[in-house]
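Engineer: Whenever a hint applies, use it, and build me the whole structure from the sequences.
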Amino acid sequence: MAKRSPLADPQLYLVVFVGGAIGTCVRYLLGLAIPQQAAGFHFGTLAANLLACFVYAGLSAYLAQADWIRPRDRELVNRGAGMGVCGGLSTMSTLALEGFTGILGGQAWQAVLYLLASVVFGLLVAFAGVWCADRLATGHRAERTAAAGQTARSGDSANSAEQEARQ
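In this text, residue positions in the sequence shown follow this note's numbering: the first is 6, and each later residue adds one.
It is worth saying that the hints were derived from the structure and are not from the lab. There may be inaccurate statements among the hints.
To be verified - With beta-carbon atoms standing in for the labels, derived distance ranges:
#1 155 with 13: 26 to 36 angstroms
#2 157 with 43: 55 to 65 angstroms
#3 69 with 38: 26 to 36 angstroms
Note that CB positions come from ideal geometry on N, CA and C, so glycine has one too.
Structural biologist: Next up, the structure:
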């Protein structure tokens with residue numbers, strides 16, 4: 006079977022489009038809910054970017070290990086929730102603009118600190134997302150293994166009972 010090109014897959018376009026719209030709306034709502042700026046920090050943008058880092062890193066790590074989920078479903082979730090929602094939620098352009106505006110506005114140290122904090126905390130929460138996803142995937146794998154073992158044992162005991170009944 007020939008591998009299909011992602012460029013010719015309208016379902017991928019749809020999940021990215023819908024996910025991006027959701028992520029952008031969530032980012033907008035976070036911007037309204039969290040005070041925009043205090044001491045050079047744009048907390049709404051920071052919260053949106055950190056949330057996206059955590060979720061996308063965790064989602065990617067989980068899906069990479071989730072061999073019990075069909076490959077097509079993993080692809081659609083990765084594109085829709087990861088690239089779409091998290092891509093719409095995070096915003097490098099706004100981060101850069103806010104940093105640049107702060108530097109030009111005479112708040113150079115605060116702007117640089119904001120940019121550094123965004124990158125450092127982004128990496129830390131991405132690591133935390135991967136760590137959580139690894140634990141979750143390991144737990145799911147253990148549950149599936151235990152359930153498979155339980156099924157095999159109950160099947161073995163049923164076969165043994167049938168064999169004894171025949172004798």
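Engineer: Hint by hint, say whether it matches the structure.
Structural biologist: Hint check results:
no. : hint                            : in the structure
1   : 155 with 13: 26 to 36 angstroms : violated, 43 angstroms
2   : 157 with 43: 55 to 65 angstroms : holds, 59 angstroms
3   : 69 with 38: 26 to 36 angstroms  : holds, 32 angstroms
Violated hint: 1 only; the structure is consistent with all others.
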